[in-house]
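Visitor: Could you build the full structure based on these sequences and the hints that come with them?
Position 115 (the sequence shown) corresponds to 115 in this note's numbering; numbering is contiguous.
Rather than coming from a laboratory, the hints here were simulated on the basis of the structure.
One or more hints might be untrue.
Calculated pairs, EDC-like style, for lysine to aspartate or glutamate (alpha carbon to alpha carbon, straight line, at most 16 Å) [unchecked claim]: (1) LYS56 to GLU42; (2) LYS52 to GLU90; (3) LYS23 to ASP59; (4) LYS74 to ASP59; (5) LYS48 to ASP37; (6) LYS56 to ASP68; (7) LYS3 to GLU125; (8) LYS113 to ASP37; (9) LYS52 to GLU42.
Distance ranges between label pairs, derived from CB positions [claimed, not checked]: (10) ALA107 to ALA2: 32 to 38 Å; (11) ALA14 to GLY66: 18 to 24 Å; (12) LYS71 to ASP114: 30 to 36 Å; (13) TYR18 to CYS105: 31 to 37 Å.
Positions of the beta carbon are idealized from the N, C-alpha and C atoms, including for glycine.
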Amino acid sequence: MAKEIISTTEAPAAIGPYVQAVKSNGILFVSGQLGFDMATGEIPDDVKEQAKNSLKNMDAIIKAAGSDKSKVIKTTIFLTDMGDFAKVNEIYGAFFDGHNPARSCIAVSALPKDGKVEIECMVEE
Numbered sequence: 001m002a003k004e005i006i007s008t009t010e011a012p013a014a015i016g017p018y019v020q021a022v023k024s025n026g027i028l029f030v031s032g033q034l035g036f037d038m039a040t041g042e043i044p045d046d047v048k049e050q051a052k053n054s055l056k057n058m059d060a061i062i063k064a065a066g067s068d069k070s071k072v073i074k075t076t077i078f079l080t081d082m083g084d085f086a087k088v089n090e091i092y093g094a095f096f097d098g099h100n101p102a103r104s105c106i107a108v109s110a111l112p113k114d115g116k117v118e119i120e121c122m123v124e125e
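Guide: If you want it as structure tokens, here you go:
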């Protein structure tokens, strides 16, 4: 079982002992992406902006692997406040534009860097 590490400077570098993504057996596994703004290196306070950035960062990794968001088969969204679900859902729906993958949404007590949302995915090649 061969695996390929995927990395791009168009998305935040890993902030721990992990990689941005791994491709194995026809599936790309993208690590959870926080809402870092790549232009500033900061995470904005607004959850909608964080969701946009998270998806933009995820998309950059998917493109670096030679794929595109229409091939995403599963996502997991982590929220620190389920009260933000509708706001994040609005951004998420616009991002996938009808190519909706399977999804889970999980409430967590905290995220790294005081993020409000983190999104990970699996992509079929």
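Visitor: State for each hint whether it applies.
Guide: Consistency of the hints with the structure:
no.: 1; hint: LYS56 to GLU42; verdict: 14 Å, holds
no.: 2; hint: LYS52 to GLU90; verdict: 10 Å, holds
no.: 3; hint: LYS23 to ASP59; verdict: 15 Å, holds
no.: 4; hint: LYS74 to ASP59; verdict: 14 Å, holds
no.: 5; hint: LYS48 to ASP37; verdict: 12 Å, holds
no.: 6; hint: LYS56 to ASP68; verdict: 12 Å, holds
no.: 7; hint: LYS3 to GLU125; verdict: 13 Å, holds
no.: 8; hint: LYS113 to ASP37; verdict: 13 Å, holds
no.: 9; hint: LYS52 to GLU42; verdict: 13 Å, holds
no.: 10; hint: ALA107 to ALA2: 32 to 38 Å; verdict: 36 Å, holds
no.: 11; hint: ALA14 to GLY66: 18 to 24 Å; verdict: 20 Å, holds
no.: 12; hint: LYS71 to ASP114: 30 to 36 Å; verdict: 32 Å, holds
no.: 13; hint: TYR18 to CYS105: 31 to 37 Å; verdict: 22 Å, violated
Taken one by one, the earlier hints fail for this structure only at number 13.
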